[in-house]
Amino acid sequence: MLKTTSRFLLACAVLAWSLNSLAQSLPPYNPVTDARLQNPEASNWLMYRGSYDSHGYSSLDQINTDNVDELRPVWSFSTGLREGHQAPPIVNDGYMYVSTPQNHIIALDARSGDMIWRYIRFLPDDLQQLHPTNRGVALYGDRVYLATVDAYLVSLDALTGEVIWEVEVEDYNSGYYMTMAPLVADGKVMVGVSGGELGIRGFVEAFDAMSGEPAWKTFTIPAPGELGSESWPGDTWKTGGVPVWITGSYDPELNLAYWGTGNGGPWMGDTRPGDNLYATSVIALDVSTGELKSHHQYHWNDSWDWDEVSAPLLIDFERDGNTITGMVHPARNGYLWFLERQAAAINFVDAMPYVYQDVFTSIDPVSGRPEYDMSKKPGTGYEASFCPSLWGGKDWPPAAFNPQSRLLFIPANDNVCSTMIGEEIQYRAGRSYIGRGRSDNGGFFVRPGTNHVGELQAWNVDTGERVWTATFESQNWGPVLATAGELVFMGGTNDRYFRAFDASTGEILWQQRTNSGITGVPVTYTLDGKQYVAVQSGWGVDAQREQNLLNMVKGENHYVPQGGVIWVFALPD
Amino acid sequence: MTVSRRGKRAGTRVGNDTERRGIGQTVSRRTVFKLGLLGGIGLPLSALGQPADRMRPQPGDRLVFEEGPNQGELVRPELLELNQKPVSALAQDPETEVLRDGSRLNRVMITRIDVDAMGERYRDNVAAGVVAYSAVCTHTGCDVIDWDAKALNMACPCHESQFDIYEGGKVVGGPAPRPLAMLPLELVDGVVLVAAVFRGRVGFTQQF
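For the record, the sequence lines run as chains A and B.
This note's numbering numbers the first residue of the first sequence as 1 and each following residue consecutively.
This note's numbering numbers the first residue of the second sequence as 1001 and each following residue consecutively.
Hints may contain errors.
[As the list claims (entries may be wrong)] Heads up, simulated DMTMM-like pairs for lysine to aspartate or glutamate below, C-alpha to C-alpha not over 25 Å straight-line:
#: 1; chain 1: B; residue 1: Lys1085; chain 2: A; residue 2: Glu556
#: 2; chain 1: B; residue 1: Lys1150; chain 2: A; residue 2: Asp114
#: 3; chain 1: B; residue 1: Lys1150; chain 2: A; residue 2: Glu424
#: 4; chain 1: B; residue 1: Lys1170; chain 2: A; residue 2: Asp542
#: 5; chain 1: A; residue 1: Lys238; chain 2: B; residue 2: Asp1148
#: 6; chain 1: A; residue 1: Lys554; chain 2: B; residue 2: Glu1067
#: 7; chain 1: B; residue 1: Lys1170; chain 2: B; residue 2: Asp1148
#: 8; chain 1: B; residue 1: Lys1150; chain 2: A; residue 2: Glu162
#: 9; chain 1: B; residue 1: Lys1170; chain 2: A; residue 2: Glu556
#: 10; chain 1: B; residue 1: Lys1150; chain 2: A; residue 2: Glu423
#: 11; chain 1: B; residue 1: Lys1085; chain 2: A; residue 2: Glu424
#: 12; chain 1: B; residue 1: Lys1170; chain 2: A; residue 2: Glu424
These are computed hints drawn from the structure, not numbers from a lab.
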């Protein structure tokens, strides 16, 4: 194996050698400062969602509803890897950084598509990858940051790719791993950990961006004696899951980072009776100290695998003639949540289902706490069916918000449901700690009488009403990009298309068939004043799992090829 | 600088950590020189000695139940029911009694099958109906702990790969690229022993 690896490395090295002269024509690297992160220029895409408020929005409008049908590929780059290519191409003044499954980073000349350097991580042979993916790098100063699937945080030189330092965030042998793009703010690099299916105790940890020294670490499950610990019986807090695996939003004025948290483990709520704080919640952490300032739990004692890890979009919205400093979260539990954010509190405003949801019977108008139809709540030895499926109304793929038109764009899945039964499970470090038994048809079904699964929904955040819905027979795992050109970009379907939608109607204005299915986060930026759109195509992970189940229940054999390619599009000159 | 909180430099290949092949590599012009220099002295260190608990199951090893009602006991055919959900087991050096639990790649899933219904080419690997497959999925390395009792397939909970235990661990569903590695067994004095090293490569293969 060692010999094989060396051979591959050598092959790559030769490729870099032949391209090296091109690298010398690159512009000087523009260091990423706190000021730039707080007010990112439209010409770049400096972080996971483009800006701290997680809007996934660009004010660029050269590509717009009038000309998007002329959009064409400019260059592409094969990653040579399989599985879920979910990361956004991160762009800083001509430099593009793309992370891939298996924790490679490819640094490219954004103009030419030439490779500048490539970081290849050698993952341990005994690693298990429940989610073979990575969701992006972070930039700060002249560094690139990567959170790895073997639970390390790596800091690299943005120009050369040399590793400056790396720290072990946790022990992968105990089930910890990372897939998120780190969040950089206030001189710190923050990461959360995955492993909710492996008996971890979730946390967010911050490191000094320059030295890598740990700054603070805040667990998502309180220890005995801490506020909220009464919601975990016995020792369940030690292995209760509650991972954090999507990049948080950040409010620089309050210096608070807002993180979504995953479900408790094992999956069946009856193994951990109680609300299980701060599972399936949004938590506000003080970036200076890590102190948990406030939280809102979307639903208590989860039994459905409805992680609420997507960070809420920081959106100020209107209600009854007032402007609310708010947050909006299209939840995996199928409800669209509107919250108010304050320095020391998160307040419930309202919530409404955006897909068919048959579990909640009511929501308390003051606290936002849902009540359940308990026949829809699976338990140990009790099989129950529920909608939406365990992947929820929206899983991790991020929604986007256009602050001009006031529309929120949700990549949703409707009409698919799950059946689950719990079985007893014993905790063993690093092993599956799900406790789900087997149900017929993989515990998955399509609601009879329905004709589609995937949706792209547009909601007006001020009226709380849905404006339009585009539907797809396929499931939808497409992250969304919104632009001032009144466009919405998204892939996500099993037919491999990348599409541009009219943001005011949902009409498809342009589409390009790609090598694989698209579950990557699309971005836009300019080079020399010209607008580009970039996305990774590379199907895998849960999009593929859902395809397997859809094939099973529909008796079909729909095939989505795998293999990652970075695509870059622009209008003709 | 590599910082490990377990007092171990994770990027360094040490005697008791042979599975970790170094932590990362950036390919650039400078790396070409490094690789050129190192190319001549690269040794497959994994071939050097490693602790007994990390070694894969060796011929002559006994098998010990790792879970279930017989946890800790030696595996004997009568302790397994026909076509039962596989349970995990570990190899044990019969002389030193060292349990080979130092790596999850050593773990096997065992059950008892109807040998007459098995593909002929695999029957020699079975000891009085007891069959053992690697517990680690060939797709992305998850534990293959699920069981389809109707189809008699082992299944991986991560990505739904399915393996036919009657056909040498052949992939019959899901994304796994290769069969599960099979551990040949034999029966000696009523006890199940390892007859040979794994047939096939254990675990997933790093791409690229």
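Please write out, lowest number first, the hints stated earlier that are contradicted by the structure. 1, 2, 5, 6, 8 and 12
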